[in-house]
Structure formats: structure tokens, C-alpha cells
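Construct the entire structure; sequences and hints are all you get.
In case you want the letters, here they are:
There are 4 protein chains.
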Amino acid sequence: MASGLKHRVALALEGEDPRYGKLPLAGLHMAIVLSAFTITLQSMPGHSTDMQKILLGLEAVLLAIFVTEFCLRFWSAENRLGYIFSFWGLIDLLSILPALLFLLPDSTVLRTLRLMRIFRLLKLLRMRRAILRLEHAISSNREEMLLFGVLAAIVLFLAAVGIYHFEKDAQPEIFGSIPQSAWWAIATLTTVGYGDVYPVTTGGRVFTAITLLIGLGIVAIPAGLITSGLLNAPEEETETETTTNGE
Amino acid sequence: MASGLKHRVALALEGEDPRYGKLPLAGLHMAIVLSAFTITLQSMPGHSTDMQKILLGLEAVLLAIFVTEFCLRFWSAENRLGYIFSFWGLIDLLSILPALLFLLPDSTVLRTLRLMRIFRLLKLLRMRRAILRLEHAISSNREEMLLFGVLAAIVLFLAAVGIYHFEKDAQPEIFGSIPQSAWWAIATLTTVGYGDVYPVTTGGRVFTAITLLIGLGIVAIPAGLITSGLLNAPEEETETETTTNGE
Amino acid sequence: MASGLKHRVALALEGEDPRYGKLPLAGLHMAIVLSAFTITLQSMPGHSTDMQKILLGLEAVLLAIFVTEFCLRFWSAENRLGYIFSFWGLIDLLSILPALLFLLPDSTVLRTLRLMRIFRLLKLLRMRRAILRLEHAISSNREEMLLFGVLAAIVLFLAAVGIYHFEKDAQPEIFGSIPQSAWWAIATLTTVGYGDVYPVTTGGRVFTAITLLIGLGIVAIPAGLITSGLLNAPEEETETETTTNGE
Amino acid sequence: MASGLKHRVALALEGEDPRYGKLPLAGLHMAIVLSAFTITLQSMPGHSTDMQKILLGLEAVLLAIFVTEFCLRFWSAENRLGYIFSFWGLIDLLSILPALLFLLPDSTVLRTLRLMRIFRLLKLLRMRRAILRLEHAISSNREEMLLFGVLAAIVLFLAAVGIYHFEKDAQPEIFGSIPQSAWWAIATLTTVGYGDVYPVTTGGRVFTAITLLIGLGIVAIPAGLITSGLLNAPEEETETETTTNGE
Chain X
0 MASGLKHRVA LALEGEDPRY GKLPLAGLHM AIVLSAFTIT LQSMPGHSTD
50 MQKILLGLEA VLLAIFVTEF CLRFWSAENR LGYIFSFWGL IDLLSILPAL
100 LFLLPDSTVL RTLRLMRIFR LLKLLRMRRA ILRLEHAISS NREEMLLFGV
150 LAAIVLFLAA VGIYHFEKDA QPEIFGSIPQ SAWWAIATLT TVGYGDVYPV
200 TTGGRVFTAI TLLIGLGIVA IPAGLITSGL LNAPEEETET ETTTNGE
Chain C
0 MASGLKHRVA LALEGEDPRY GKLPLAGLHM AIVLSAFTIT LQSMPGHSTD
50 MQKILLGLEA VLLAIFVTEF CLRFWSAENR LGYIFSFWGL IDLLSILPAL
100 LFLLPDSTVL RTLRLMRIFR LLKLLRMRRA ILRLEHAISS NREEMLLFGV
150 LAAIVLFLAA VGIYHFEKDA QPEIFGSIPQ SAWWAIATLT TVGYGDVYPV
200 TTGGRVFTAI TLLIGLGIVA IPAGLITSGL LNAPEEETET ETTTNGE
Chain S
0 MASGLKHRVA LALEGEDPRY GKLPLAGLHM AIVLSAFTIT LQSMPGHSTD
50 MQKILLGLEA VLLAIFVTEF CLRFWSAENR LGYIFSFWGL IDLLSILPAL
100 LFLLPDSTVL RTLRLMRIFR LLKLLRMRRA ILRLEHAISS NREEMLLFGV
150 LAAIVLFLAA VGIYHFEKDA QPEIFGSIPQ SAWWAIATLT TVGYGDVYPV
200 TTGGRVFTAI TLLIGLGIVA IPAGLITSGL LNAPEEETET ETTTNGE
Chain A
0 MASGLKHRVA LALEGEDPRY GKLPLAGLHM AIVLSAFTIT LQSMPGHSTD
50 MQKILLGLEA VLLAIFVTEF CLRFWSAENR LGYIFSFWGL IDLLSILPAL
100 LFLLPDSTVL RTLRLMRIFR LLKLLRMRRA ILRLEHAISS NREEMLLFGV
150 LAAIVLFLAA VGIYHFEKDA QPEIFGSIPQ SAWWAIATLT TVGYGDVYPV
200 TTGGRVFTAI TLLIGLGIVA IPAGLITSGL LNAPEEETET ETTTNGE
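Residue numbers (numbering that gives the first Met the number 0), protein chains in the order written: chain X, 0 to 246; chain C, 0 to 246; chain S, 0 to 246; chain A, 0 to 246.
Hint data in this document are derived by calculation from the structure and do not stem from the laboratory. In this text, a Cβ means the ideal position worked out from N, Cα and C, and glycines have one as well.
Cut-off 25 Å, straight-line C-alpha distance, at most; resulting in silico cross-link-like pairs (DMTMM-like, lysine to aspartate or glutamate): (1) S:Lys21 / A:Glu143; (2) C:Lys5 / C:Glu68; (3) A:Lys122 / X:Glu142; (4) X:Lys122 / C:Glu142; (5) C:Lys167 / X:Glu58; (6) S:Lys5 / S:Glu68; (7) A:Lys122 / X:Glu143; (8) X:Lys167 / A:Asp195; (9) X:Lys167 / A:Glu172; (10) S:Lys21 / A:Glu142; (11) X:Lys122 / X:Asp16; (12) A:Lys122 / A:Glu15; (13) A:Lys21 / X:Glu142; (14) A:Lys21 / X:Glu143; (15) A:Lys167 / S:Glu172; (16) X:Lys21 / C:Glu143; (17) S:Lys5 / S:Asp16; (18) C:Lys21 / C:Glu134; (19) S:Lys21 / S:Glu68; (20) S:Lys167 / C:Asp195; (21) X:Lys21 / C:Glu142; (22) X:Lys122 / X:Glu15; (23) A:Lys122 / A:Glu134; (24) A:Lys21 / A:Glu68; (25) X:Lys122 / C:Glu143; (26) C:Lys21 / S:Glu143; (27) S:Lys167 / C:Glu58; (28) C:Lys167 / X:Glu172; (29) A:Lys167 / S:Glu58; (30) C:Lys167 / X:Asp195; (31) C:Lys21 / S:Glu142; (32) X:Lys167 / A:Glu58; (33) S:Lys167 / C:Glu172; (34) A:Lys167 / S:Asp195; (35) S:Lys21 / S:Glu134.
In silico negatives: residues of chain X with every beta carbon more than 10 Å from chain S: (36) Arg18; (37) Leu24; (38) Leu40; (39) Gln51; (40) Leu54.
Right, here's the structure in full:
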């Protein structure tokens, strides 16, 4: 009996409930989105005391929902220890731990920890299709991503050292060290170009031009690999459909 | 007889008039472009009274043309109610409604409504090839666009919460809340980088670097899906060529 | 005899001289690059009188070379009138006409006309492979480029009207009319983001976010079509190799 | 015997030691990364005397390691002269020469030379897969890269001359010459858009819009070719696996 109920709960949390289908899962997703709105509202200053009470109440309700979800997932998991130490078990735990701190008196450290409630947002990714794609994106070219991550880091470092050499005398406040110059390298080679740091010497500008014409694509490769991994979803989706509770 | 005329008018409005071909449609397109110029000119300050009169007169003429077009399309439609409640029927209606308000006395609310005349511009898209491509772009990967739209929103939100955490104490005026930080996230992850908001703390800059190297591609996926949908036009264009009045 | 010489000259100008090969053509390319350097140097202020004399002398020599080239091309062309009115004939003419004005006294109008000497730079594109690719890039998807050019213009116009609506009251100096707002639309949707104009109202920022997430790719399509046209060179290069003097 | 040892050393430096495998190579890579950290730390101002001594000591140790590596590679190379004049031989030499200057008294010239220690970072690229890809990226479309490099240069020059024409009277300090305008062209056509230079005249802005819509893709082609060359790794990797010491 209990085993049947456990299986039923596991199916419901997977969005495969025989009667209500995706409804329980959709409810959880609603709670996650509501949680994101709560976090956003709490970050905005100038709330009235009433509003603050409403937000705290909402937070308590959401916390209760996620604690219940965590308990149900733990109870219904075939391998309980495996669940706790799995990626999603950790996310589920991180989603409730910071909020529990709301019961304690206020302090700056706690305030920061509470922000970790945003980990709840990652639970949205538990959607089967999304997670299959993400797994695929990361695992399918892990080796490539490492290689091009290192290459991007080298290009960024070389660009930082180069611009440091050209600009450190002309603008010692913003190109005064290699870490400061690395900020320029990031903002430039991703083409964000905030405009807070830019070369003013002729040498620095020529160096920037050459660096951009050559390095623009290399720094963009890691992000591009993630993107293409996400877009090229695996075709074996139907095969993995059978592994229902394989968290 | 009337039925023959109706069919003839419908064909003409589709750019398939047996005698004049695309001429009537081209005339309508000219009127739309002229309308865009009128809107642009009216937005510019410092017109003389004469110029204002000319613009108002032009607007009246254009309004007459679009009202006539709307009436003809309504009259010649096989399914009149279907036309009114179709996408293009709505666009046609929105194109003339705001301009009719010019007959009323001036007010701020009306001024805003008048700007809605820009919906006329969308009528340019009635071009068969363009609309086929747009439909294809939206419908062919609707599911993908939803998935990656959600993913982009999550990445933007996580970036906003992260930078809020790092910068809220150093720059409380521009990173003072999560919605304000979200503006930074949009400007940064699309690589626009206006330079009105940017991190100044070491933690915020390192976080920016990591976010850019990972998230750059993900935020660009929805726009990329629209683009690729537009570029990969359907090959069955010739087949749909037969459905002449299928608005 | 003259016919043989004409053919020889034509071959030499094509870089297919039986004895010197690409040497005459390479010499002309050198003259063009030298001309670009002369234009650049002349634009820089603070030259000594001697330097100015040297630059003028260099200009005279280069002018003589290009006048000679033009005369030789005209004389050796199979169809002389066809050459004059061909694209390259026009470029060749535009390359020498502005420089001839150096013989006239100085004036602002002439100064501007002289800048048109940069058309010489286009002569560099006479390289067979480059021109084949350019022709291919333009002709192969002329229809697509028109369609997406119109689409990009519509997106830019809609973005300009939208931001004008949101920001015209908050920032009347920089969003005071639709043309001014169009400047913002260009700088934003190409992700250049100079930072001279950006929205400050909440409505304007939300509109910017939505516009960017949707429109980013559409504005980039025309440039992308040129790029892909250039990269996908025609394979029939060897076939066209036989049409030696087909300018 | 010596021949056997030489072969063993060569294999170890290739990360193919029969007993320790990739361990010796990994150690060298660690030394290179440590060297990058040392360079970064030395660029930061305000170190205590103790810290400076530690950094100098670390530098000496790293120098010893790289000198030893150079000697071992030279000694174990089948063709010693070939190694010295090969690309990697040069990099190895450049990695130790600047550091040797640390033994000499301080001066500005030497300080700059010391920065050349960053060439050590390139040694990280000695990884077999990375180098194969880089070689492939550069050699496979060398001709294309030259062609599109020239094309990008022409587009940038034309953009610089154009904006110089439109803006030189309105903003003589920042668009006062073609080289200054070229800085704008680079920052704009790569979409970095720092915001230090931007057009303010109507003509200049229209020119910028057209230049961006057309030229955006062309300037990005060289970087794109490198990127695609890097991503499309050669499949004959296994075949080249046999050429063990072919530096």
C-alpha cells in the first residue's frame, strides 16, 4: 500500500500523475515563480509595514510548500541517500535552508544567505525537456568546453597584459594592474563595451583593434558551445522517457 | 455580377488583379510608407502652422484610403465575421481607429492613441512571402521558443539577483533593487552595454565575467530562433499559392 | 600588331601577363594602398610645409598612374563605350576626377570632393576572387536581402516609435522626435550601445528589454546575408576563368 | 643508452612517459599557470617588501624550471637546430630570456621586456589537441583569411573616411583625422561601442546606421573564420598521433 502511495507521489512530482497529470508539478512551478516575485519585491525599498507583513506571510507559505515538496521527494525516492546527494536533492535543500533563517533575528550575513533562495528558480529547470537539453549541452562536449574555456582564458589574459603594457602610464587609475586590465578585456572582447574603461593611447588603440579582429570569436566559443548544445537536443528523448524516477 | 466584382476586388487587394497585377497593392504600400513619414514628421517639433495644416491634410487623405481599404476588404471577404476577428482584420481596424480621433479635440490620452497608427506599418507585412516566413518562424518552433524564452528569463533573473548582491552596497542608487539590477542584466547580456550601469566592485566584476562567458549565448537564443525561422522559409510556398483569399 | 598589343595590355591589367604575371596588377594595388596612406596623412593636422609638398608630389605621381591606367583600360577594351559605362569604368573615373581638382585653388567644396579619391580603394576589389564573391553575395539572394532589409527597417521604426512614446516626456532633448529615437534604435538593436542615449523610465526599459530579446536577430539579418553570401563562394570559379576581359 | 634516455625525456616532455604518463607535462603546465599568477601579482601596486621577496623567489624557481625544460628539449630533440628555429623553440626561448633580465639592475626598458614572460602562456597551447586545432584553423583557410582580412580593412577604412567627412567639423577633437576616425570605426563595427566617440550630426548618424546594417558582418568574418577553423577539428588526429616528437 505504502509502496503504491510512494510510487503515486513520485509520479505526481514528475508531472505524470495518472489522474491530475501535470497539475501538481504546475502548482510547484507557480510557487517557484511566486517566490521569484517575492524576492524581487523584498529587494525594493520603501515598503509599508503592511506590505512587509504580507511578503513575510507569503514567504512562510512558500517555505511550507517547498519543505513539504522536499519531504515528499525524500520519502518517495527509491534511493533516499542517493536523492539527498544528487544535484536536485542539493538544489531542493538549498531552496529551503536559507528561508528557514527568516525565523532568526535579522543580520547582514543572514540577509545575504536569504538571497540564496534564488536557487529555487533552478527547480524550474526540472522540466524534463529542459533538463535533458542542459545535460546534453554540458556532457556532450565537456572536453571541447574545457579546451575552449582555457583558450578563452588565455586570450583574455594576453589581452589584459597587452593593454596593461600600453595604457598603464596614461591611465594609471583604471589600467594600473593586470586584474584591472582584465576587466577591460572582458568588457571589450564580449563587445559589451560599457565605456568606463577604454584605451586612449595610439598603441593601446591599435592593440585593441588587432585583439578585437582576432580574438572576438575565440572568447565567444564557450558560450556558443553551450548554446549549440542546448539547441541540438538529443533525439533519444523517447528512450529516456521510460526512466521515470531517475533523479 | 456583384459576386464577380467582389472576387475581382479581393484579387486586387491581394496583388493578383488580372489587369493591373500588383499595382493596387503597391499603391496601398505607398500609402503605408507615406503614413510612416507623416507620423515621423508630426513627432518633430517646431513646424510652422502651414506645415501642420499640410500634415493634417495628408493624414486625412491617408485615413480615407485606409478606411476605404478596410470597407472593401470587409465587403469582399467570403467570411465577413471571420475577417473582422482575424489578425489582419484587427490590424486594419487598429490602423484607422486612432486616426479617427484626430477629429476630436486634443488631449494627452488621444495623442498616445494616435501613435497607434504605426500599426499600419504592420500592413506592409501582408506581403505574401513575408507573412509566410513570419508564420513559419513563429509556428515551426513555438515550443522551442517558449522553452528558451523561459531559460533566458531565468538566466537574466539569476544575473540580476547576483549583481544586486555584489553591488547594492557600493552603488545603492543604480543597483538598489532587483528590478534595477535587471536593467543591467539586459543591457549586459545582450552586449549593448550603454555604460549607465556597470559593476565597480571586484566581486561584481568577476561575477559579470563569469555570467558573460556562460550566459551570453542563452539570452540570444530566442532572437536566434526567430531569425533562423525567418531565414528557413517553407518550400511549400507554391502549394499555398492556390489559397488566394485565405485571410 | 596593335590588336596584339591591345590584348597584351588587357591581359597585363588583368594580372595575366604571359611574362610578368601578376606583377603589373600588384604594382597598381601598391599604388592604391599608397593612395590610402596619402589620404590618411593629409587628413592629419599639423604637417610642416615640406611634408605638405611631399604629399602633394606623391598625389601627383599617383594621379599620373591612375590616369595612365584609365587610358590603357579604355584603349585596350574590346567594347570601349561598354567599359566607360560599366561599374569598374565608373570607379576608375571617380578615382581620378576628384584628384584632378588639386590643380584648382582650395575651397571647402573641393576638399570634400577630394575625399572621393577613396573610391580608388574599391579598385582593390578588382581582384578576381573577391569580385566573384561580392557579385555572388549580392545577386544570389537579392530578393531575400530586400525582404529582410524592409523587415529590419520596420523593426527599427517600430522600436523608435515605441521608445519615443515612453521617453519623450522624461528626456525631451534626446528622445524629442522619432528621428532622434531612431538613432537610439540603431545603436541599441545593433548592440553597439554608445551610451549617449538610453531609456531611464521603467516603461522604456521594459520596452527595450522586450525589443532586444525579439528584434536583435532581425536587424542583423541583412548583414548576415551579405556575410554568408561572401563566405559561400561559387564553385564555378574555374569556368568563369575563361572570360578574360569581361569587365 | 644515452639515446634511450633521450627518447625517454622526449616522450616525458610530450606527456607520453611510459611510467608517469602526463604527469611531467602537467607539472610544466602548473608552472606556466603559476607564472601567470606571478606576473599578475607583480603588476599590482602596494606589495610589502616581504611579498616582493617571495614573488622574486618564485620567479627564480620558475625561471629555473623553464631553463631546465628548454635545455632538456634542446638536448633530446632529434634535430637540435630545427628545434631552436621552430615556432615552439622560439616560444621556449622567449619564455626564459626576459626573465633572465631580472638579474640585471632595474630600468623601464627591462620592465617592459619582462612582460614578455607572458609568452610562457603560449606554451600551454602545446597541448596536442589544441595545437592541432590551431594549426588547422590557420592553415586550412589561410587564403580566405587574407581575402576577408583585406575586405575588413577596406570596410573599416571606408567607414573611417566617411565618418571623418561628416563629423570633422562638429567634433574636431575626436574626429579630427582619419586615424582618429578609424578608432570610431573599430569600436562601432565590432559593436563594442565604448561611448567615447560617437557621431552627433544627422549625416553622421545616417551614415553610421547604413554602415552598421551593411558592414557589421564583414568586419566579423576574419574572427569568425578563426572560430570555425578552431571548432572544426581535423578528423585525422589519430593519424598524426604517430609523429611523436615532431615539433
